[in-house]
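A.B. asks: Protein chains in written order, with this note's numbering: chain P, 9 to 512; chain V, 9 to 512.
Treat the hints with care, as some may be off.
[Said to hold, decoys possible] Each computed EDC-like pair below joins lysine to aspartate or glutamate, with the alpha-carbon atoms no more than 16 angstroms apart:
#1 V:K374 to V:E392
#2 P:K26 to V:D43
#3 P:K59 to P:D153
#4 V:K26 to P:E392
#5 P:K374 to P:E350
#6 V:K368 to V:D105
It should be emphasised that the hints constitute simulated quantities derived from the structure, not laboratory data.
Just so you know, these numbers come straight off a predicted model, no measurement behind them.
2 protein chains.
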Amino acid sequence: MNTFADPLRHARLVAADKIAIIDGESRFTYAQLADRCARLVAGLRGLGLRKGDRVAILAANGHAFLETYVGVPAGGLVVVPLNSRHAPPELEYALRDSGSRVLITDRPPGTLAGAVEHVVVLGEHYEALLAESEPVALGAGVAEDDLAGLFYTGGTTGASKGVMLTHRNLIANTYHWLTLVPQHENDVFLVAAPLFHAAGSNSVLGTIWTAGTQVTLPAFDPGAALDLIARHGVTETLGVPTMLAALANEQLERTRDTRSLRMVGHGGSPIATEVLRRCCDAFPTAELIEVYGATELSPLATILLGERALVDHPRARSCGRPVIGGQVRVVDLDGRTVPPGEVGEVVVSGPQVMRGYWNKPDQTAKALRNGEYWSGDLGYMDVEGYLFLVDRAKDMIITGGENVYSTEVEDVLYRHPAVLEAAVFGVPDDRWGEAVHAVVVPRAGHEDIDPEVLIEFCRERIAHYKAPRGIDIRLEPLPKSGPGKVLKRELRAPFWKGQDRNVH
Amino acid sequence: MNTFADPLRHARLVAADKIAIIDGESRFTYAQLADRCARLVAGLRGLGLRKGDRVAILAANGHAFLETYVGVPAGGLVVVPLNSRHAPPELEYALRDSGSRVLITDRPPGTLAGAVEHVVVLGEHYEALLAESEPVALGAGVAEDDLAGLFYTGGTTGASKGVMLTHRNLIANTYHWLTLVPQHENDVFLVAAPLFHAAGSNSVLGTIWTAGTQVTLPAFDPGAALDLIARHGVTETLGVPTMLAALANEQLERTRDTRSLRMVGHGGSPIATEVLRRCCDAFPTAELIEVYGATELSPLATILLGERALVDHPRARSCGRPVIGGQVRVVDLDGRTVPPGEVGEVVVSGPQVMRGYWNKPDQTAKALRNGEYWSGDLGYMDVEGYLFLVDRAKDMIITGGENVYSTEVEDVLYRHPAVLEAAVFGVPDDRWGEAVHAVVVPRAGHEDIDPEVLIEFCRERIAHYKAPRGIDIRLEPLPKSGPGKVLKRELRAPFWKGQDRNVH
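Bound conformation, chain P alone:
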């Protein structure tokens, strides 16, 4: 019975004159935010849009992204946040697949203009749309089970799919977040991760509903992020491990006053213990937490609280315990819960589970079974409900009949002082079926590291069959998807060329 109109209405009631958004030198109060959202919806209706119509946005983080993200669904329309790292053909696919009638963007639309009826360019054009429209009442005629957003995701494999998230899905996730990571009126949230990812909903809806302040960062840069933290007294932020690593490095080299920070969260991919340790050192006032989930889960499945105290504990390798309101099980191939400690597939149920994939009934039926979302991730749970991921199901390497979880190998590589980034995957091998292979990006000053040294380092720490049989040294960063996941398929592809299996 709640929709996106409720957080806006609530914040408008309790904090009309408080700063809702800081975007560069611009400030918007909650009264202004609510008014601008209502005008945006009015403007879109003026363009002919009706309930349920899709509105895409392709833009850097900023006030207009937040207005679109919250206002469009509050007005009964559906927001389609596009991944700005995607190539034009991928973006065009998302626009056409979703049937978006309007594209709101901060860049020249190019060929994308042909995929929609209207392009609204941020700046003068967008402002004119708002100025010319009389604000409408948000929330009227909108139901909790209406679609709020379509989030295009390919994960790191396969073709892009539109994940259908309802008002209820994203609001349930907001409660899941706030009950474990409470936010307050005096919190200042740095929106550092790109808003086109569903993880943005944690901070966006949570911050508005608790009438806090959001500071937007248009493009991630560790120095700029730290400057904003110091300038605005940021208390909370959330990012992928690579962002946190960069923040910690920058802070340890060029220290800003970040004592306002009380929570730094990370998710999207596993964090190396060394990175966690550096974050603890760099941000001594902040608690560190890990989130795990998927776009299909709006996005949270588990949260690991109190990582600072756990950093030398085996549970630092856990991605946490199920959110309050969501159920997480580890199951065998038949969907039976396996005993603690046993590896299986992670399945999740609760009010945060997506309605399905847009226009993809077959893929929906594969992912959703009896209301449970089958994540494709492999893991185990300990006796107190801590979930440990061992790998994405599709990233498991089978060599000589033995299963190798690539994260375990990467973890060992990350412990070597010369290693900045590491990705492990299987390559074809006549004898073993697959062989363990690694690509390593060395730290500055270690460019001449000998792969054999690293292989020996691994063999000293894990079973020989798990250690890489070959390592490529790469002097540029690993290729990554929008949310910062390493695109192993790109690294893997050259090895599998001409093979008919395992090329995702």
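Starting from the structure of chain P, add chain V where the hints point.
C.D. replies: Frame of chain P, contents of chain V only:
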């Protein structure tokens, strides 16, 4: 998509061996609590109960009450918690009106036995029912919109009504509570207020879902409560103002170690500033919060955080701001929102609003209009959403055409050092229609206070027409309802005998 089975399942997963309940010298882990709930449902099914059947409980706070409160709905049945302060005819009415098939009780049922098919007496009988049953799977076949409980309330006026609360209602309220008053695994909650009141759901569901510990107090006694706080390191508790006043007095006279307390909440009726101040003095480590709501709201509408800092601020008289997820409006007779500062009726909407009154469509239609609950309470909101109650609509006194809000007059009386308790209401007056009248219970040592002195004290502080025209001094406590509200109808009745109006 959540039901009462979820908190039990979650706590069982993450904290199986942790103490869930401390009841006297008994301890129950979460594994035991989940098992006992599952056996209770099995036992009730063995008695022939089927989905949706009602199970009443009449008992002091204790582990069996908690098991019944949570387990019965988790098993698809409906719990009917009876007010142990009600007289046998009232209890029998609730049993027959609800159609309860089973009564679980800790006392000889007397004539109540005739109103149900089965009486299960706590102790041997109840334990045998559990021991003989094989635990069933909780939650199977239970939907979030199923009825979870029927809570009989007459408020302080009118005939008793069964308030229908669904799983979703009470779970929404749990989120409303936890987002503003976070609970954690290491919290210990003292269940001091009687569990038959819907306010119990805050602590019960909130504590189980966060895997904290509940300590039950069978009958309120300030010394016993403080002993439990000291013995078990209680961190949170919730009660009516009269309970808090007694706790503070006892603590200031006979100090226990209550430094574990971090939150003391109160609600059910307005708190006198003096009582608040004494609580702050008595419990220096605790934050004080106020809750306002109604059984019909599962029960929260607003929460006032941080009262310690507000004690000398006008906002200490507020009952707080709307919960996150609920909407509160102050409206005129036509349901239009009135401007800030203007008095109107308080109406509330959101997922916590009851489904209706059991078998009372007319009264349901009066209380619920367009999904909003009309509380019957009068109040105003300030510009930041703080709600100030001025009176229950039915307690307003109209004298010489002027409206007098009895709480305002009571507030003045409470400021006099001789006043322990005060209740103000209208009595028939030939000239003015109604006259303002008060009943005052003096503090020890002030039994001989002159009513004229108190009247003069009021006239010096508020308009003459608001000051009582008569004051009765009473040497026993004011009569109170189960949740601790002063029963003004009992005080008022003798004055209105033979009159045909305003005798509630």
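A.B. asks: Hint by hint, say whether it matches the structure.
C.D. replies: Each hint tested on the structure:
The straight-line distance between the Cα atoms of K374 of chain V and E392 of chain V is roughly 29 angstroms, outside the 16 angstroms bound, and the hint therefore fails. As the CA atoms of K26 of chain P and D43 of chain V are separated by approximately 49 angstroms, the hinted pair breaks the 16 angstroms bound. For the hint linking K59 of chain P to D153 of chain P, the alpha-carbon distance of about 13 angstroms falls within 16 angstroms, and the restraint holds. Note on K26 of chain V and E392 of chain P: the hinted pairing holds, with a Cα-Cα distance of about 10 angstroms set against a maximum of 16 angstroms.
Pair hint K374 of chain P plus E350 of chain P does not hold up; C-alpha atoms about 23 angstroms apart against a cutoff of 16 angstroms. Proposed proximity of K368 of chain V and D105 of chain V is supported: the alpha carbons are some 10 angstroms apart, at most 16 angstroms.
Comparing the model with each numbered hint stated earlier shows that hints 1, 2 and 5 do not hold.
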